[in-house]
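Please model the complete structure; the sequences and the hints are all you need to start from.
As given, the protein sequences belong to chains A and B, one line each in that order. Just so you know, this note's numbering puts 171 at position 171 of the first sequence, and the rest follows in order with no gaps. Just so you know, this note's numbering puts 344 at position 344 of the second sequence, and the rest follows in order with no gaps.
Derived from the structure by calculation, the hints contain no laboratory data. Any given hint could turn out to be false.
[To be verified] Calculated cross-link-like contacts (lysine-lysine; reagent style DSS-like; alpha-carbon spacing at most 30 Å):
#1 B:Lys371 - A:Lys140
#2 B:Lys371 - A:Lys22
#3 A:Lys220 - B:Lys369
#4 B:Lys154 - B:Lys186
#5 A:Lys220 - B:Lys339
#6 A:Lys140 - B:Lys394
#7 B:Lys339 - A:Lys138
#8 B:Lys370 - A:Lys22
#9 B:Lys497 - B:Lys183
#10 B:Lys154 - A:Lys138
#11 A:Lys220 - B:Lys359
#12 B:Lys394 - A:Lys220
#13 A:Lys138 - B:Lys359
#14 A:Lys220 - A:Lys138
#15 A:Lys220 - B:Lys183
#16 B:Lys140 - A:Lys220
#17 B:Lys359 - A:Lys22
#18 B:Lys140 - A:Lys140
#19 B:Lys328 - A:Lys220
#20 A:Lys140 - B:Lys497
#21 B:Lys339 - B:Lys370
#22 B:Lys371 - A:Lys220
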Amino acid sequence: MRVNSENGTKIETDLTGAAQSKMFINAARALIAYRESVLILVILIFGLCMTFASPVFLSWRNIEAILLALSVEATIAIGMVILLISGGLDLSVGSILAFAGVVTGLCLNVDVPVVLSILLGLLAAAAVGMVNGLLVSKMKINPFITTLGMMISIRGLLLVIAKGRAVLNLPESFTVVGQGRLFNVQYPIYIMVALVIIGDILMRNSRFMRQNYYIGGNEKAARLSGINVDLVKIIDYCMVAVLAGIAGLLITARFGSSSVTVGGGLELRVITAAIIGGASLSGGEGSVLGAFLGALFMGVLANSLNLLGVDVYWQRLITGLILIIAVVFDVINERRKERQK
Amino acid sequence: MEEILKIENLSKRFPGVLAVDNVSFGLRQGEILALVGENGAGKSTLTGMLGGILGRDHGRIILKGKTVSFQSSNDAIAEGISMVFQELSLVGTLSVAENIFANRHPVGPINNIRWRRLYRDTRDLLRSFKLDLDPMVPVKRLSMGQQQILEILKAISTDPVVLILDEPTSSLTEAETDYLFDKIRKLQDQGMSFIYITHKLSEIFQIANRVMVMRDGKYVGTEDVGEVNEAELVSMMVGREIKNVYGAASGSPVSTEYFRVENFCCEGAFQNITFGLQRGEILGFAGLVGAGRTELALSIFGAEPRDSGNILIDGQPVTISRPSDAIKNRIAYLTEDRKGQGLYLSMQIRENLIAPFLKQLSSAIGFLKKKIIDRHVHQKVEEFAIATPSIYQKLLNLSGGNQQKCLIAMWMGIRPEVIIFDEPTRGVDVGARVEIYQKLRQFAAAGTGIIIISSDLPELIGMCDRILVMHRGEIKGEVLSQDFSEELILSFAAGIKRNVNAGEFRKRN
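As structure tokens, then:
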């Protein structure tokens, strides 16, 4: 069979009732094929159930609390999903987050101007990302090992420079970034939403970012297609590090102090969100919107379990199970598609 | 002659397709039965049932007069049917010995592996095949050809009555193929029977006793090799008459050299390579595996480094130090390793066809132009007759021939002036091959110079206007179309002969 143009002939033909319902089923099938639409559906159904179960759930205070709590994960997940798509991985994001916060905090404590302190914090994060990227692309060291090493060493470095203590007494001109409100919504939420939208548009439509899919799909073929694989990888690692840095500064500003232990275990939560959102560890798959929805789903879930008074220990168990269910869902979906052809 | 294996009314249905439809045939003791047919003809499904990998829906398999039933490939091996797959099943990081005796290691009283015996047994086996390999060396350090032979050795070490070979020579050079055929004949003399699947029809006449043809899951016929010719076989396979697989050249090329490679050297790979390419010329590169042809091509394309050498286009030197430079200069390189390095199998046709020239398809600020991409992809799918329900189909759902067409369509998008095609029809069935050859002829007729690297000599002889032969990294001979013969090319390739005009030809070009 030759290719038949998808959007042409079919729609013009007369639609009988039977054809219409068939079209509807097909459309529903096509929708289920997209992880994003499945997640939105699941979150909506889940939310609907929760409105009946708890009167607080739909209150603006609660929704803002959910969004604020997931703003850290979601911001980093943007960079992480791009890395996963290109076949990479970064375990050091939690450490980088703390690193950026401490660097900025220390700068502020010696009266460096706020804007410059923020830039220095982000620069420190970017530098770590750059080292990760160079080790992975130029030295060809496995991303897992590279970033595992970086995760441990940066955490160690933090303990050394901050002597194990938190950096306190941050000026209000800085903390406003994390605590200020516009239209009764805290800034970090705006920043997260803006970054998700920009990231998603870029990953779908920009030539440069699209190269990540090719690299994750087949790195050797990407090289032969003239793609500068090393450059793209280095930029990916810098990007996820800067996003982790942004998240770190937002946390620091929100709490008015930078702790050396903040962000422990964060990397796995971020990866979990990206995978629930449709990314795969073998690369080539995933989307920024999916990763955000994955984080949103985890956030809504944690919040609901809290409201329902479920023990924190149970929450972990449930999150883990959902990760496995998401992956099993993927495998079944893939097999179903294969049977269809 | 006694039939060692008898197949009666074998059928296998997959969802939506009857892959093997009521096939019956017999395999005689000590014969080599070639099994041919286009991709999708049901050869792999049929042999899969014989090898115990696939269950069967109907029919009987009778081995040595006894009806057998296999639950797994282990059952089949125990009864005496072994298979060698097209895709290598070796573990690269493990040694030669451990690969041959995978899961059958000699063990001691507490299930401990007896390494010394393992290596000794392997050495004996290698010696009986006159193979000069170290049993302890990891398989990934061997060449593709050596790995293929090892794969066959692994199957033979189970002492089969019937050995099924699925395209064993697809990655072998002529010399390695000859070596393999020699071994197969020896085993045949000892009474082993073979089912030999191949796409290279010339091989059938070299090695097989009889040839069986399948089409669309059905048995078409079996002929004695002496009573059938290649054209008749092709007609049986495709169900219509095809006179000349390679097609006819549209006339000799206009002699305007526009692309020139000068003094290409790379320590350990190739030395002093100089040649020119004319508009509309199809230039072949012959040679054994390891002669440096692929390395040279990758280096011209900028994907592998070189120590020295220049590329001239229309007399002007151009800098090519990475693939994107080559693409800018309209040079396309189509790799021999379609699956590993050529295509993005997990991605859609649409994404694949635009991979090498995303830049031209994006706006000034770097956003991809969707409509232009869609139009381009639809047009290419049409032009190259890629059989697919939609442009959003993932490549891994396409047949080998269609994947190869995708690879060509992908690179034609850059509108190349020079096409370097490494093994254009490896693992491609006859029908798709004819189409690929036609396309290459069309490109040449339009003035594009084409360089074909191939281990399939009949293909080079059928397609090329001129053939350069490499041996150990050097061009040892130039053969013009009026002098084409396999013997001559092979004697250059083996390094036995040197072209007396080799020096002159460099000056002339």
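So which hints don't hold here, by number, going up? 1, 10, 15, 17, 20
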